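Chains as they are written, first to last, in the working numbering: chain A, 1 to 573; chain B, 1 to 264.
Think of the hints as simulated: they come from the structure by calculation, not from any bench.
Quantities reported herein were computed from a predicted structural model and do not represent experimental measurements.
Among these hints, one or two may not hold up.
Among the chain A residues that face chain B by a calculated CB cut under 8 angstroms, a handful are [unchecked claim]:
hint	residue
1	R260
2	C262
3	R432
4	T550
5	G552
Listing some non-contacts, in silico: residues in chain B with all C-beta distances to chain A over 12 angstroms [stated by the list, open to error]:
hint	residue
6	Q9
7	I10
8	G37
9	V110
10	R137
11	V246
Using N, Cα and C, we set each Cβ at its ideal position, and we do this for glycine too.
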Amino acid sequence: MKRVLCVWFPRWPLQRLFCVRPELKDQPVVLYGPARRGGWQALYAARGAIARGVVPGMPLAEAQALLGGEHRGLLEPHDPQADREFLESLARWCQRYSPLVGLEESPLPETLLLEITGCAPLFGGEQALAEQVVRDFQRGGFFVRVAVGDTLGAAWGAAHFGAVPGPTSSNAGMGGNSPVPQAPRRGSVGAESRALSAVEAIEEPSPAWSSPPPRLLPPGAGEEFLSSLSVAALRLPPDVVATLIELDLRTIGRLRALPRACLPSRLGKQVLQRIDQMLGEIPELIIPMTPLEPIAATWGFEVPTSDRMALEAVCRTLLEQVAEELISRQAGVQRLECRLTCVAGDPVCLTIGALRPRSAVDELLELVRLQLERTTLPAEVLQIDLEALVIGLVPVEQPELFAGSRPRGNPRRLAALVDRLGSRLGEQAVLRPQVAADAQPECAGTFEPIARLAIRKAPSGNADGRRSRSRDPSGGLPDGEAGFTPRPLFLKSQPQPIVTMSVVPDGPPLRFRWEQEDHVVRASWGPERIETGWWRGPQVRRDYYRVETTTGRRFWLFHERERETWFLHGIFE
Amino acid sequence: MLRTDAREQILQELARRMKQVEVGARPPAAHPSFSTGIPALDGLLRRASVPGSIPAESAPLSNPLGGLVPGTLTEWLAAGSGSGAAWLALRVAVNLQQRVEDEGGAQSLVFIDHRHEFYPPAAAALGLDLGQVLVIRPPRPAEGLWALEQSLRSPAVAATICRVEMPGDRTLRRLQLAAEVGGGVGFLLRPARAAREACWADARLRVQALPAVEGDRRLRLEVLHLRGGIDGGTLELEIDDETGSVRVVSALASATAVLRTARA
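Isolated chain A, as found in the complex (with noise of 0.2 angstroms):
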């Protein structure tokens, strides 16, 4: 007899995002998405935030108006793709249990779907497997509602819309025996989000809450219980179940007293399709999610060598290999290793980032070189392993037929540029120059390895090419900088020491001389007092003298107040 149970995380994209950042469990947060007609609009609200009267939905204008003067860091992109990888490790996860898992079949999936035909016994019975899981995933933090049946269909309608057995004081709002969805109101927008407030309306998950007990349906029977759930646990499209509800064809019995032949014509083939699979007259089958194999590939040597071209040729082969499984899986390498063992020695490990996933073979072979060419073997070459350690999801790009009317700088050559500069240079050479607001001079301006940072494709055209400029607001200065001096362009890592001549009491020298030359002052603007950085180490005092010489050429100096002593700092290049 087939047995599937099915676990639900009601408004999973939230349940997801309390999991990744639990300092926003608490807060009304609100996920937004486009909206059919442009904009922005809700999606997904917290508790906290249905509270205040933000309804999924709703413009994302109206659900900020309503959260009122602190929404900053509570509205949150939606984000699926994260939610169906985050569910699918889930699921790989769950194969513990069974090992057939897979996720329902939907463009935003929440549920997993187990079969545990003859599993039940490993674990004591399927009510104690199916309280096993219900345990399980409480510890992790997250709310489920977990329902065992004979069909895909009937576990699924049992853990989405079954009446939840047992005492219901601790899960009140949820509403009695197989909820029905209400009509849907006049005037919300769009039926998708009317079926989905219906359904919304129904769970409140939250982590004060415990996940109810599971709910187990009698092998061979379950008819009754079947018929007495709601349309929408058909799996249908929101319109269908709209129509269903304005027919006041509320629930599966009465749908179901209807001639059969009649369904079609009205309401669409879908309709006695998933009648039938719920029923189990019609086998549904679940897709399960492959085990995930590291990608790797090994050359051993019957002779070891070290000749640069054989193990040059020998990468190439191996990483065409790894080529093919990445393509077949339409994924790229982000991070691969290279291991040679040596005959003596340890073995020398080469570990080769790229900034996007790549799977051309050309481009990672070059990679490799260049951080061959640059290490000394110890001894001849025993083996060669490659592996990729990370991987990414590689977007699929259309070509276009003019090749001419492509943006040249796209993010993907400077990509190219940027693998290569790293690869050769080292990660620490490829920097992204950022200001910081910090009174001494040299630690305003930092820099940031290009590879920690993420490089936005928010330049990357549009369908018609149009680029949408991300300036950040914030390149310049901080804005507390009311008096802004200037700051030369090139500043020393280290401030040098210069020998002053005739120095004016409280103001500039009138002589210096750096690098073996004399430099008469003719001008000076300053002083300006830096005192700060007591919590970097001892504070560092000093006046600021902008000074142009005789000849017009333009210095940074300072005087540090401490010792008494003259300080070259930067160049007005």
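Keeping the supplied structure of chain A fixed, place chain B upon it in accordance with the hints.
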């Protein structure tokens, strides 16, 4: 013995090829120039529209062929440190970056900083969009030249700026070829003594600091070499460090204009 008209033909063909070598491999009309953002400087960088001819002095300053040519190098010679050459080069690069971005091309700017002296707050004050800037700090100077070549070669980079001392003819020729492949612009900041060497760049500009009048910095810019144009043009500029603006004080007439075009 060649016939006279055949000889004429051969001479004309040779003369045409010589002009092409002087002006550049690509026909100038095929590629538009980048404006430097300073109209007076664009005027100084006017080139001949027809290889071999002399650009007319009376042509309007808005001649589209005035400015920097994509796929070339420009040398900025600084007469002493602190003269403002790097500031001006960066200012022109900012204009270039904005223009190219508007047209939908590459918009990254790469700075090869082997002396570890690039200061982001000052660059941001100039108007540079730091989100589009890459700073490369190579561990060894030789690798700095390799990084410079790679950056020039990449079509995703609008402008590359690097301090180069006296690398030698072969290196400069390689950099010029790399710039032609990439299609962007390369700015080489060099010391004043580089003026004695042969010029592989498309334009060589010398920047000299002048004593300031009324607080703003004054610079003199001189065109030492311009391929396909007239050398010797000079410009006096007043720059404001705080706002990044450039103002022309006076454009001196080229005292000894050297005509670098082939004789017809």
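Compare the structure with the hints numbered earlier in the document and write down the numbers of the violated ones, lowest to highest.
-> The structure breaks hints 1, 2, 9 and 10; every other hint is satisfied.
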